[in-house]
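*Asks:* Take a look at the letters that make up each chain.
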Amino acid sequence: MSYMIEGSTGAWEVVIGLEVHAQVISKAKLFSGASAHFGADPNTHVSLVDAAFPGMLPVLNRECVDQAIRTGLGLNAKINLMSRFDRKNYFYADLPQGYQISQFEFPIVGEGSIEIELEDGSVKNIGITRLHLEQDAGKSIHDLTPKDTVVDLNRSGVALMEIVSEPDMRSPEEAGAYLRKIRAIVRYLGTCDGNMEEGSMRADVNVSVRKPGEDYRTRCELKNINSIRYVMQAIEIEAKRHIEIYENGGEVDQETRLFDVARGETRTMRSKENAHDYRYFPDPDLLPLIVEQSHVDHLKSTLAELPDDKRNRFQSEYGLPRYDANVLVAEQDVANFFEKVAKNRDGRMASNWVTGELFAVLNKQGLTIHESPISADALGSLLDLIADNTINGKIAKEVFEDMVETGDMPGDIVERKGLKQVTDTGAIEKVIAEILAANPDKIAQYKSGKDKLFGFFVGQVMKEMQGKANPAIVNDLLKKQLS
Amino acid sequence: MGAELTDKILDKKIVQRVAKLSSLAVKEDELAIYAADLGGIINWMEQLNGVDITDVQPMVGTEIAQLRLREDVVTDGDCKEDVLSNAPERIADFYAVPKVVE
Amino acid sequence: MLTGMKITEAVDGLRQKKFSAEELTKAHVNAINKLNDRINAYITVTADAAIEQAKAADQKLAAGDAPALTGIPLAIKDLFCTKGVKTTAASRILENFVPPYESTVTANLLRDGAVFLGKVNLDEFAMGSGNLNSAFGAVENPWKRQGEDTFLVPGGSSGGSAAAVAAQMAMGATGTDTGGSIRQPAAYCGITGIKPTYGRCSRWGIIAYASSLDQAGPMGKSVEDCAIMLQSMAGFDPKDSTSVDKEVPDYRAACNRSLKGMKVGIPMEYRVPGLSPEIEAVWQQGINWLKEAGCEIVDVSLPHTKHGLATYYIIAPAEASSNLARYDGVRYGRRVDGASLDELYANTRGAGFGDEVKRRILMGTYVLSAGYYDAYYLRAQKVRKLINQDFMNVFDKVDVLLTPTAPTAAFAKGENQEDPVQMYLNDIFTVPASMAGVPGLALPAGLSSQGLPLGLQLLGRPFGEETLFAVGSAMEKAANFTHKPTLRAGGSL
Chain D
1 MSYMIEGSTG
11 AWEVVIGLEV
21 HAQVISKAKL
31 FSGASAHFGA
41 DPNTHVSLVD
51 AAFPGMLPVL
61 NRECVDQAIR
71 TGLGLNAKIN
81 LMSRFDRKNY
91 FYADLPQGYQ
101 ISQFEFPIVG
111 EGSIEIELED
121 GSVKNIGITR
131 LHLEQDAGKS
141 IHDLTPKDTV
151 VDLNRSGVAL
161 MEIVSEPDMR
171 SPEEAGAYLR
181 KIRAIVRYLG
191 TCDGNMEEGS
201 MRADVNVSVR
211 KPGEDYRTRC
221 ELKNINSIRY
231 VMQAIEIEAK
241 RHIEIYENGG
251 EVDQETRLFD
261 VARGETRTMR
271 SKENAHDYRY
281 FPDPDLLPLI
291 VEQSHVDHLK
301 STLAELPDDK
311 RNRFQSEYGL
321 PRYDANVLVA
331 EQDVANFFEK
341 VAKNRDGRMA
351 SNWVTGELFA
361 VLNKQGLTIH
371 ESPISADALG
381 SLLDLIADNT
391 INGKIAKEVF
401 EDMVETGDMP
411 GDIVERKGLK
421 QVTDTGAIEK
431 VIAEILAANP
441 DKIAQYKSGK
451 DKLFGFFVGQ
461 VMKEMQGKAN
471 PAIVNDLLKK
481 QLS
Chain W
484 MGAELTDKIL
494 DKKIVQRVAK
504 LSSLAVKEDE
514 LAIYAADLGG
524 IINWMEQLNG
534 VDITDVQPMV
544 GTEIAQLRLR
554 EDVVTDGDCK
564 EDVLSNAPER
574 IADFYAVPKV
584 VE
Chain X
586 MLTGMKITEA
596 VDGLRQKKFS
606 AEELTKAHVN
616 AINKLNDRIN
626 AYITVTADAA
636 IEQAKAADQK
646 LAAGDAPALT
656 GIPLAIKDLF
666 CTKGVKTTAA
676 SRILENFVPP
686 YESTVTANLL
696 RDGAVFLGKV
706 NLDEFAMGSG
716 NLNSAFGAVE
726 NPWKRQGEDT
736 FLVPGGSSGG
746 SAAAVAAQMA
756 MGATGTDTGG
766 SIRQPAAYCG
776 ITGIKPTYGR
786 CSRWGIIAYA
796 SSLDQAGPMG
806 KSVEDCAIML
816 QSMAGFDPKD
826 STSVDKEVPD
836 YRAACNRSLK
846 GMKVGIPMEY
856 RVPGLSPEIE
866 AVWQQGINWL
876 KEAGCEIVDV
886 SLPHTKHGLA
896 TYYIIAPAEA
906 SSNLARYDGV
916 RYGRRVDGAS
926 LDELYANTRG
936 AGFGDEVKRR
946 ILMGTYVLSA
956 GYYDAYYLRA
966 QKVRKLINQD
976 FMNVFDKVDV
986 LLTPTAPTAA
996 FAKGENQEDP
1006 VQMYLNDIFT
1016 VPASMAGVPG
1026 LALPAGLSSQ
1036 GLPLGLQLLG
1046 RPFGEETLFA
1056 VGSAMEKAAN
1066 FTHKPTLRAG
1076 GSL
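Protein chains in written order, with this note's numbering: chain D, 1 to 483; chain W, 484 to 585; chain X, 586 to 1078.
By construction, these hints were calculated from the structure, which means they are not laboratory data.
Careful: at least some of the hints might be erroneous.
[Stated by the list, open to error] Here are the simulated lysine-lysine pairs, DSS-like style, with alpha carbons at most 30 angstroms apart:
| hint | chain 1 | residue 1 | chain 2 | residue 2 |
| --- | --- | --- | --- | --- |
| 1 | D | 468 | D | 340 |
| 2 | D | 88 | W | 503 |
| 3 | D | 147 | W | 582 |
| 4 | W | 496 | D | 181 |
| 5 | W | 510 | X | 998 |
| 6 | X | 824 | D | 88 |
| 7 | X | 671 | W | 563 |
| 8 | X | 824 | W | 563 |
| 9 | X | 848 | X | 1062 |
| 10 | D | 447 | D | 397 |
| 11 | W | 510 | D | 147 |
| 12 | X | 668 | W | 563 |
| 13 | W | 495 | D | 139 |
| 14 | D | 139 | X | 1062 |
| 15 | X | 1062 | X | 982 |
| 16 | X | 668 | D | 27 |
| 17 | W | 582 | D | 88 |
| 18 | D | 88 | W | 495 |
| 19 | W | 563 | D | 27 |
| 20 | D | 394 | D | 450 |
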């Protein structure tokens, strides 16, 4: 059942912990009044504070603190009413102060936990160690000229949340599920946009392996991985590297490594070769951060609905199975789309159409729910046509395909193509009579016990009526005629 | 912790390591001088080992005020020329340094 | 002599049209031209800009729309960033740095009409007690030992500020005090200076040395002059997270308060072994003056202050090692090239910083580094807490403390220099108040047998500046310190 890697000396368990760096959604930076907005011209979203000019001082952004608290609440974590900012000292071209302001000893958010769901339907708790606020660095660009590295400080000082997990994950699948869950939570809360491709969410992955029942062995940290798929690949590759070292009688060095996607390997980061001594100490430009419990309570009472709560509600309100509800809440936009479709309609039917037909189209065309060729309203109208017996389910699929192609509303398509369901018993009886007259031998076989032929008659009738007959009426009438 | 630090003499190796952490070029002949100076200062500081600090909370800031917070409003930035005006080396609108190899 | 006046006198004279602001500024520019080659108080003189400011001041005075300091020529310690005017921190690493911004404190002074004569010398990055650690050369104390021409230090780190005021090359000056850098040079140069409560003056735009200790304050020819200047310099600044949102009281009015019933504490721990008998005598004199003024004298104890200096020389270098990391030759300041970025850093900082700055960076890095943090930095922060508690306990019983400012009079260049610890001992009386964040006022109280000024220090409760001005004014009257240094505008040079 559980994920193990078979080595020459037996099965190995993989131990994974994740550090997620999530960029806080805010207008201004963590300690300055410069814009935190992404994508400006070089060195324009930079104040003299961000460029660490002499005598410049940090002043903490209230919203960034609130965003961290909201995220902490979303992680079911303890909010620390006293936290503190420390300096992490090191030299780098894109670190203007020569230190990063971070929270080392007293983070704003303490222990918490989240649930992840796995493919086999099982549920697992992953512990959260802490969440703290820190400054982002600027950007070094190495390929603008042959001889220079150039530095853009637009990102310098933007607020990041570092979310640290316990080493509770045991497979790439669990790590992937964890990251998706964290991403869903921050997106639901509006505290981070979760876009890993743009770098607003990045993961450092700690990987070690051990024989079942052993204590933890030495871990390696894989830095700055920017997609869930790569995280999963990197874990497997790194775990196999450890196993090979151990099985050849070697020892794993604790170090920071880089995942090279193109080569499918991890390697030591040269710039991190020397073990750093960051000399953390409390930032004397800032005082301890005190948050009132009443403020935390207020943020809690105004918190957006979290994915797990939404799933529970979908289950009870729309009667969805847990699995389906989970699929729908994985992304907030999908959940919202679904709710629009399901409102005052059959929830299960709405869910089936969204996760079935619609997802198939989106996957095939590589579109997000935002770019869906069919709006929630249009899909809702289609469901209405089924519900009021204007069309049957089979015709509905034809209408749906037309909608994808033309963008027309389902009612118009039904009109245009004359797909309205036939519920006139006289018309159906007439067709049944013709079919039965043409197949006396089949009737005989049916009557002698070949029950399966009932389907043949239904099929023939539907075919004759171009699928537009109401299947329930066809069934009823056929049964009467054949008895 | 105290006793083991008493009479610690800083050797040149420690000064070298600290100089590296501080990004300070220190010449070979200066190492010994700094080692002696710093060793002297550190020995003098050993007097603090005699102070009873049981149950004393460290002082952070001067404890006169609480941290104030700023509203989330863009009030600064868009001052590229101020930011770059003192740069020893500038390429286009970037600061430039010798190529860093990752 | 226009340069011989106090600010209080000049403020009245300008309004009574006895002289113009332009005349007042030009008199000081002349004094600078005459004396600065020798004293080296100014790193940068902004004479033309000063005269322009003075002309504008005259117009405001004529229009009857003149704030308190209109037309008063001041010297600015070259640690305050001044917009468009080179700001060096007396360091090679910032020798060509021109800030595109004005520090809050200097902006406040400009708002109130002050004229800036230029930027004055200091110990590099404010690290020193003799103004000997300046990349732009030492500053000569305008005072001379009787019958000698020995080069005496003005104290530090605000040595240029103190010398400029003493030699009448400015009517007043800004200083900064981290462990005594206003009070000790004030004592050595026979002038008055106050380090306000931490958080009283904004640190925004002042080049940082040790952020939890740095505090700006005025240096002047009298207690009342300092009160007028601090009135302008102080105030809440939202750009400094450690600035305190508290109204600035009327300091000048406080100078005339009665001392009746006031309790003055004499901390026994300041009677250090080897304290010069002359200093001891001046201290006793000060006690007598305050008794006569109606104060009750109380012996008190600050048991942990004897550890102040060792604590300071852990905490200040630790903060400095981090504060000075930004001087890396990338965004501003001097750059010395290297084959790699790491070499560029090391070369830039190796060549850009002077010896004492490097020593403190190394020291600070060492006490913060892995394995030593608890033994040094954390322990120092705890001892600092004990020092702070000592002061708070004592201020439950007394209103103000009276101590000497420095253990000796100004020393000569070359004395005290071999051993850094000996040099650090100059700050022994000033450092404890810095550690506690409480205000301290230094004023001249008498002369040594060699004819050098000796100072006394008053320490107050947090935000007790008014009490310091009241007690300081009374002592100033009693002391009637009218002696003048050898080197001064209109002097014999």
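*Asks:* All the hints need checking, so say for each whether the structure fits it.
*Replies:* Taking the hints in turn, this is what the structure says about them:
no.	hint	verdict
1	468/D to 340/D	holds, 28 angstroms
2	88/D to 503/W	holds, 16 angstroms
3	147/D to 582/W	holds, 6 angstroms
4	496/W to 181/D	violated, 48 angstroms
5	510/W to 998/X	holds, 26 angstroms
6	824/X to 88/D	holds, 22 angstroms
7	671/X to 563/W	holds, 20 angstroms
8	824/X to 563/W	holds, 20 angstroms
9	848/X to 1062/X	holds, 19 angstroms
10	447/D to 397/D	violated, 34 angstroms
11	510/W to 147/D	holds, 28 angstroms
12	668/X to 563/W	holds, 16 angstroms
13	495/W to 139/D	violated, 36 angstroms
14	139/D to 1062/X	violated, 61 angstroms
15	1062/X to 982/X	holds, 26 angstroms
16	668/X to 27/D	holds, 28 angstroms
17	582/W to 88/D	holds, 24 angstroms
18	88/D to 495/W	holds, 25 angstroms
19	563/W to 27/D	holds, 19 angstroms
20	394/D to 450/D	holds, 26 angstroms
Violation of the numbered hints given earlier is confined to hints 4, 10, 13 and 14; the remaining hints are satisfied by the structure.
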